[in-house]
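Q: With chain S held as given, fit chain W onto it using these hints.
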Amino acid sequence: MNTRFSTVGDMAAVLARWLLGAIFIFMGMSKALHPVEFLKLVREYELTQSPWLLNSVAGMLPWFEVFCGILLLVGVAVRGSALLLILMLVPFTLVILRRALAIQSESVIPFCAVKFDCGCGGGEVFVCRKLLENVLLILLAGWLLASRCQKFCVRHHLTAGRAQL
Amino acid sequence: MRLACRAWFIFTCCDCCHEKLRVSMNCDPHYLRASKRLAEAGRVFCEAIMVAVLGATVAFVANALSPRGLTLSRNYFPSGTNSLSAAPMADIAGTNQAPAVVISVLRVNEKGLQFVDSNSVALLFHDPRVASDRVIFVDARDEERYKEGHVPGAYEFDPYHPGKNLNAVLPVCRAAEQIVVYCTGSDCEDSQFAALTLRDAGIANQKLFVYAGGITEWTTNGLPLEIGGRQSGNLRNSAK
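These protein sequences, in sequence, are chains S and W.
For the first sequence, the numbering used here puts the final residue at 165, and the numbers step up evenly by one.
For the second sequence, the numbering used here puts the final residue at 1240, and the numbers step up evenly by one.
Treat the hints loosely; a few may be bogus.
[Claimed, not checked] In the BS3-like style, the derived pairs of lysine-lysine whose C-alpha atoms are separated by at most 25 Å in a straight line are:
| # | chain 1 | residue 1 | chain 2 | residue 2 |
| --- | --- | --- | --- | --- |
| 1 | W | LYS1147 | W | LYS1164 |
| 2 | W | LYS1036 | S | LYS151 |
| 3 | W | LYS1036 | S | LYS40 |
| 4 | S | LYS40 | S | LYS115 |
| 5 | W | LYS1164 | W | LYS1207 |
| 6 | S | LYS40 | W | LYS1164 |
[Claimed, not checked] Chain S stretches covered by chain W per the calculated footprint, using a threshold of three residues with CB under 8 Å from any CB of chain W:
| # | segment |
| --- | --- |
| 7 | 22 to 36 |
| 8 | 55 to 62 |
| 9 | 67 to 80 |
| 10 | 134 to 147 |
Source of the hints: derived by calculation from the structure; they are not laboratory data.
Model, not experiment: these values are computed from the prediction.
Ideal Cβ positions, reconstructed from N, Cα and C, are used throughout, including at glycine.
This is chain S alone, in the form it adopts within the complex (with noise of 0.2 Å):
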């Protein structure tokens, strides 16, 4: 493990990945001790009305954000958690959305005074303020993905490929 930073980028990426493990872990965390209180809240998004599917999703999903934000920060397959975050991101910024529209037009406010909590595991939170900070998420996710830095990473990336990452 080569400890020298090279260029400020890696040092960038270093902790952008290292504060996105960490959000993950806390988020997931704050989900993971308080499971039947984020099975209603998923409930309330209506995607399902499979109780497997809702249970599944409240029970493991929490750990499995738990499970990318470890890899994340000791820097395992930094590369494959990243896109799967962006996968996970995605869905879910568009969910939250949906959601803050329904109550938008059922309350008739305006779009960034919606508030609710949207089960992401900060409690009550403005729409706007949630969905620029998934956004921002995402940027590092992809950032993350696209970086080639392995500085402070105990395994990079789990399959041996020949192109230089």
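A: Positioned in the frame of chain S, the structure of chain W alone reads:
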């Protein structure tokens, strides 16, 4: 040849492509460059699949081992039926309830349950039958909130963890003539799910009443709260 080159990443993805294959394909430089990019994307994609499979396994085990974990096959939100007797809509209209409470009452009715308003709850609380557990209150919130303050003498029954208190609550419910189930307030449905769980366990629907206003309305009306466990004797008057 083009198809072969495009499919190349599938082999490289899981690290099973050999140099021999690349040489034997005799690709031109353009396709080789494209293939390299595809191969790299394929590797990342495969890595994501590996992480997803491993993460799902870890998450499944963690949920199963966690004392707060969810039972994946259980329906935590029973819908109930409309077949049983419910309070007529006229009863709701005459109660001067807040809109949120009215919506909650309608939900109670949809599930075939009966609702009880704040005036009736206050009367039931002062009913002499409370002393002999012929009229009982059931708190459907979690343990933490229950201990922060509940209707004096109320039994704790969290419908999301029925195994914890069901055995203690069921005999009392069977012996009771009227059971008032409540949770936080009109925003929560926990009291309805608790009532449905009790009904499914064999308690007669006629005995079950859902107090839609919940502990929020109770405290707003200045009625007393019991702090800590049941019969702790630690009573507090809620501010009106």
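Q: Taking the hints in turn, state whether each one holds.
A: Checked hints:
no.: 1; hint: W:LYS1147 <-> W:LYS1164; in the structure: 15 Å, holds
no.: 2; hint: W:LYS1036 <-> S:LYS151; in the structure: 24 Å, holds
no.: 3; hint: W:LYS1036 <-> S:LYS40; in the structure: 46 Å, violated
no.: 4; hint: S:LYS40 <-> S:LYS115; in the structure: 17 Å, holds
no.: 5; hint: W:LYS1164 <-> W:LYS1207; in the structure: 22 Å, holds
no.: 6; hint: S:LYS40 <-> W:LYS1164; in the structure: 20 Å, holds
no.: 7; hint: 22 to 36; in the structure: holds (count 5)
no.: 8; hint: 55 to 62; in the structure: holds (count 7)
no.: 9; hint: 67 to 80; in the structure: holds (count 6)
no.: 10; hint: 134 to 147; in the structure: violated (count 1)
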